[in-house]
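Participant: For reference, the chains in residue letters:
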Amino acid sequence: MNRVFAYPKSLNRVQTHFCPGCTHGIAHRLVAEALDELNITGNTIGIPGVGCCVFLYKYFPIDVLEAPHGRAPACATGMKRARPEKIIFAYQGDGDMAAIGTSEIIHAANRGENITVFFINNSVYGMTGGQMAPTTLLGQQTTTSPYGRDFKNEGYPIRMAEMLATLEGVAYSARVALHTPKHVNRASRTIKKAFEMQMNDMGFSIVEMLSTCSTNWRVSPTEALDVVENEMIPYFPLGTFKERTGKDFL
Amino acid sequence: MSEKKLTKGNIALAEGAIQAGCRFYFGYPITPQNDIPEYLAMNLPKVGGTFVPAESEIASINMVMGASASGVRAMTSSSGPGISLMQEGISYMAGSEIPGVIVNIMRCGPGLGGIDPTQGDYSQAVHGGGHGDYRNIVLAPASVQEMFDLTIKAFELSDKYRNPSMIIADAMIGQFQEACRLEPDHTVEVFEKPWSLTGAQGRSPQILKSLFLGPGEQETHNRDLQKKYREIEEKETIAESFMLDDAEIMVVAFGTPSRISKTAIRYLREDGVKAGLFRPVTLFPFPQSELHDYSDKIKKILVVEMNTGQMLNDVKVSLCKDAEVSFYGRPGGGIPYPNEIAEEILKALKK
Chain S
0 MNRVFAYPKS LNRVQTHFCP GCTHGIAHRL VAEALDELNI TGNTIGIPGV GCCVFLYKYF
60 PIDVLEAPHG RAPACATGMK RARPEKIIFA YQGDGDMAAI GTSEIIHAAN RGENITVFFI
120 NNSVYGMTGG QMAPTTLLGQ QTTTSPYGRD FKNEGYPIRM AEMLATLEGV AYSARVALHT
180 PKHVNRASRT IKKAFEMQMN DMGFSIVEML STCSTNWRVS PTEALDVVEN EMIPYFPLGT
240 FKERTGKDFL
Chain W
0 MSEKKLTKGN IALAEGAIQA GCRFYFGYPI TPQNDIPEYL AMNLPKVGGT FVPAESEIAS
60 INMVMGASAS GVRAMTSSSG PGISLMQEGI SYMAGSEIPG VIVNIMRCGP GLGGIDPTQG
120 DYSQAVHGGG HGDYRNIVLA PASVQEMFDL TIKAFELSDK YRNPSMIIAD AMIGQFQEAC
180 RLEPDHTVEV FEKPWSLTGA QGRSPQILKS LFLGPGEQET HNRDLQKKYR EIEEKETIAE
240 SFMLDDAEIM VVAFGTPSRI SKTAIRYLRE DGVKAGLFRP VTLFPFPQSE LHDYSDKIKK
300 ILVVEMNTGQ MLNDVKVSLC KDAEVSFYGR PGGGIPYPNE IAEEILKALK K
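Quick note, the sequences are listed as chains S and W, same order. Residue 231 in numbering that gives the first Met the number 0 is what sits at position 232 of the first sequence, and the numbering runs on without skipping anything. Residue 195 in numbering that gives the first Met the number 0 is what sits at position 196 of the second sequence, and the numbering runs on without skipping anything.
If you are wondering where the hints come from, they were derived from the structure by calculation, not from laboratory data. A couple of the hints might just be wrong.
In silico DSSO-like links for lysine-lysine, alpha-carbon gap of 30 Å or less [what the hints assert, rightly or not]: (1) Lys57(S) to Lys296(W); (2) Lys192(W) to Lys57(S); (3) Lys192(W) to Lys85(S); (4) Lys234(W) to Lys320(W); (5) Lys234(W) to Lys57(S).
Not everything, but these chain S residues come out facing chain W in the computed CB check (under 10 Å) [what the hints assert, rightly or not]: (6) Pro19; (7) Val49; (8) Val53; (9) Tyr56; (10) Lys85; (11) Glu103; (12) Ile105.
Here a beta-carbon is modelled for each residue, glycine too, at the ideal position from N, C-alpha and C.
Required output: the full structure, derived from the provided sequences and hints.
Facilitator: Quick look at the structure:
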């Protein structure tokens, strides 16, 4: 029988720490599949930030450096400069990248560091218990925006993929979602492309993934999928905001 | 033996880094250490190295962490305010046991302070600075030659013990010029780094982290770190003794005040005053037992610092109980004259 679906080699068979209904596990699986497909697992080093992504080392059979909160792009910069032949990816949540780590992500991107960054946007601080993030939607209630996010007090949700796409050093910037099979397939191709950008020395690549957090959104897992479709995507549109080709360098 | 060349302290340090095999520098400008990044920006590319002007000191130290984690020798340098920003990263490096060299050419504080020389960052360097129970290896050069030699030493010790090394020198040592031999006086030690992250091809994956959440795991990790620090204390202490054999009073000073104290001691010796100097070269490990042994014979002690007494307690706990300790300090960029120190020596003797 022709086997068409299997457990990725680059994903450890361990019990997940993610909550029921969280799509972060899908993101991990897609990254693992990309490592398999591109045959780069043994040459890749992962650098997670702090938050739900911090246990990256449990899930991938790769070398892992744990970065301070928000600093993964700086750690990745140092490592890639020291080992340009290695594939280096940073893996950050929205509090990590879009709040405390804005300086590090913007300058790594602007220098065109030849690294890949995966960005999980679930519009909330997950691991610390559901506080307001820079990506929290207007009106969204969190433990630290209990009356709903109001732009007059907390400002507007930040669109990282679009913002980073404006920087010259960025080779690839895209936003995907993980809430339906169709979107997962598109995310899979996008993640692979981001790695290929690095493998081809094109410069900085980032994939922002809209992900669910049913625990902190206080909704059921299936309702969380609807929140992505009906509330997140209208504010955080999906698509590729920048994609350089070899010709751009001629 | 190679010829000596008139060299600025900061330049000797930067050249020492290159000769120690450091090929990666990450940093952000701040006075009075800018000669270091400027020299390395010019000279690292000539030896196949990389210089990255980072967006902040926070980024600098994390770039050092990333590079060092992959097994290479990497460094950063800064001064007061910038070193404060690095403390988060230094704590992570200590917790994850990632080496790296951090240079602090101290300027006076607190806050923006000023750019005059000081030793106000002793406590920050020696007693932690960042969060958690950890120690830096701390070296304190007192001459341009030591800026060169101790930089090589900093890389060696850092790799040997998988621990961040700090060099703390004040603005004066960074900025003045002296004759310096710009070649190592020994074959630079290099260490295998089987722990480094280079991809898990053909071996088990390796992890460098400081997060340990399992029951008792973090305590065990802390105990292991402390064991390492005790080993460093046992094996790596360096100190200089000057005219202590017959001394009736012992000045204890590091860096610039140790040089000025030597001048004061020479003056006093001409008048028959038996003064001598003890100079810690390693501030962690602190030369406790050497100090203790001297205080067995020499009961009068004068600690001189360019701060308000940050090393003082480390000296006190090292001494015999019956030692009489005096202190003279100049904070905020004040530099003592030799005659000031000579007067303090005489005062302490009369006590």
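Participant: Is the straight-line distance between the alpha-carbon of Lys234(W) and that of Lys57(S) 30 Å or less?
Facilitator: violated (37 Å)
Participant: Restraint: Glu103(S) near chain W, CB-CB cut 10 Å. Satisfied or not?
Facilitator: Where the cut-off is 10 Å and the nearest Cβ of chain W is about 6 Å from Glu103(S), the hint holds.
Participant: Please check whether Val49(S) passes as an interface residue: C-beta within 10 Å of a C-beta belonging to chain W.
Facilitator: holds (8 Å)
Participant: Classify the hint on Ile105(S) as holds or violated, based on whether any CB of chain W lies nearer than 10 Å to its CB.
Facilitator: This interface hint holds because 8 Å falls under the 10 Å limit.
Participant: Is the shortest C-beta separation between Pro19(S) and chain W less than 10 Å?
Facilitator: Constraint on Pro19(S) not satisfied, violated at 21 Å.
Participant: Per the CB criterion, is Val53(S) less than 10 Å away from chain W?
Facilitator: holds (6 Å)
Participant: Would you check the hint for Lys57(S) and Lys296(W), treating anything up to 30 Å between C-alpha atoms as holding?
Facilitator: violated (58 Å)
Participant: Take a quick look at whether Lys192(W) and Lys85(S) sit within 30 Å of each other, Cα to Cα.
Facilitator: holds (17 Å)
Participant: Straight-line Cα separation of Lys234(W) and Lys320(W) no greater than 30 Å?
Facilitator: Roughly 25 Å separates the two Cα atoms, so the pair holds.
Participant: Report holds or violated for the interface hint on Tyr56(S), using the least CB-CB distance to chain W and a cut-off of 10 Å.
Facilitator: For Tyr56(S), the interface hint holds, since the closest Cβ of chain W sits about 5 Å away, which is under 10 Å.
Participant: Would you check whether Lys85(S) satisfies its interface hint, that is, whether its CB is within less than 10 Å of any CB in chain W?
Facilitator: holds (6 Å)
Participant: Regarding the pair Lys192(W) and Lys57(S), is the alpha-carbon distance no greater than 30 Å?
Facilitator: holds (23 Å)
Violation of the numbered hints given earlier is confined to hints 1, 5, 6; the remaining hints are satisfied by the structure.
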